[in-house]
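*Asks:* Chain Z is fixed; fit chain W onto it per the hints.
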Amino acid sequence: MGQIKVKGTMQRVAMFDENRVIGHVMRYSPMKENDLVSYIAQSSQIPESKIIACTLAIREAITFFVLNGHHVDLGKFGIFGIRSKQKAVTDAEQVNPNLVKHLTIGFKPSAEIKRAIESLRIEVEV
Amino acid sequence: MEKGQINIGYKKRRIAYNDTEMLVGQSNRYSTISYESTIAYAAQAAGIPESSIILSMEALFDAMNYFVLNGHSVKIPNLGTFYLSVRVKSAATKEEFIANFEQNLRHVSICFLPSPELKAKIAKTTINTVVG
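Chain order of the listed sequences is Z and W. According to our numbering, the first sequence holds residues 116 to 241 in order. According to our numbering, the second sequence holds residues 53 to 184 in order.
Isolated chain Z, as found in the complex:
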């Protein structure tokens, strides 16, 4: 079970025009690929070189499918997919690729992760 800390800090809230306490997740150090690979190698006895090669292969597979309009289901982790925002038009002749304002990759966590989030232990600190 995970455990996070939420820190409340005083900040100006524009809509109330006053200082109020706002909560943020307290971030620890960011885990980079090297840290992740060392952790996996230690906990699973898989050689580091194999983990690096597999991570690269998985990453390339995700990028390839997602950038070609597919959604990629990563089992107990979640689903990646492309999301777009475009302007609506009245006439079919006006439709062109320049109407696309924003294109990004979205991630939807799996039901398993959502359950794990629900059982998170949250500590509050101000």
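It is possible that part of the hints are untrue.
[Stated by the list, open to error] Stretches of chain W that chain Z covers, calculated by requiring three or more beta carbons in the stretch to come under 8 Å of a beta carbon on chain Z:
1. 105 to 113
2. 143 to 150
3. 156 to 167
[Said to hold, decoys possible] Computed list of lysine-lysine pairs in DSS-like fashion (alpha-carbon distance at most 30 Å, straight line):
4. W/Lys55 <-> W/Lys171
5. Z/Lys223 <-> W/Lys55
6. W/Lys171 <-> Z/Lys202
7. Z/Lys122 <-> Z/Lys147
8. Z/Lys223 <-> Z/Lys165
9. W/Lys64 <-> Z/Lys223
10. W/Lys171 <-> Z/Lys200
11. Z/Lys120 <-> W/Lys141
12. Z/Lys165 <-> Z/Lys147
Hint data in this document are derived by calculation from the structure and do not stem from the laboratory. Glycine is no exception: its CB is placed at the ideal position from the N, C-alpha and C atoms.
*Replies:* Below, chain W without anything else, positioned relative to chain Z:
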């Protein structure tokens, strides 16, 4: 890697706020690539046995879950960063914030922020528009 290509389909829909029919676009979704297909593709493309990919993928996702759900952000190069975020209603005082935290907690979720390399690849994606 080849340049990506996506189709944006435009369909007539009623726009509620001005009560008119307009052509609204949505990215066409092809099939959802299953977990097994992703593994098979990765194994074939990289020349690594599927069993190794499965083992590494399971270990990778377990490690990512563990770190993200304990307040770390996890950065995967050329893909992006995963982090946890919360939405809590603001409070006037610190005491009020702590006392009403559980009632005011609205949402805890895992967010994904694409890396600049991935954003550059997205920007190069060819967009085709289709009406109908």
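*Asks:* With reference to the structure, classify each hint as holding or not holding.
*Replies:* Taking the hints in turn, this is what the structure says about them:
With 7 residues having a Cβ less than 8 Å from any Cβ of chain Z, the stretch 105 to 113 of chain W passes the three-residue criterion, so the hint holds. Residues of the stretch 143 to 150 of chain W lying with their CB closer than 8 Å to a CB of chain Z number 7, which satisfies the three-residue condition for coverage. Here's how the stretch 156 to 167 of chain W fares: 7 of its residues keep a CB closer than 8 Å to some CB of chain Z, so the rule of at least three is met and the hint holds. Proximity of W/Lys55 to W/Lys171 is assessed by CA-CA distance (about 13 Å); at most 30 Å being required, the pair is judged to hold.
For the suggested pair Z/Lys223 and W/Lys55, the alpha carbons sit about 24 Å apart, so the restraint of at most 30 Å is met. For the proposed pair W/Lys171 and Z/Lys202, the alpha carbon gap of about 21 Å is at most 30 Å, so the pair holds. Under the criterion of a C-alpha separation no larger than 30 Å, the hint pairing Z/Lys122 with Z/Lys147 is consistent with the structure, at around 24 Å. With a C-alpha separation of about 27 Å, the suggested pair Z/Lys223 and Z/Lys165 falls inside the 30 Å cut-off, and the hint holds.
The straight-line distance between the Cα atoms of W/Lys64 and Z/Lys223 is roughly 28 Å, inside the 30 Å bound, and the hint therefore holds. At roughly 15 Å between alpha-carbon atoms, W/Lys171 and Z/Lys200 fall within 30 Å of each other, so this suggested pair holds. With a C-alpha separation of about 16 Å, the suggested pair Z/Lys120 and W/Lys141 falls inside the 30 Å cut-off, and the hint holds. In summary, the hint linking Z/Lys165 to Z/Lys147 is supported, as the alpha carbons are separated by about 17 Å, within the 30 Å threshold.
Hint check: no violations occur; every hint is consistent with the structure.
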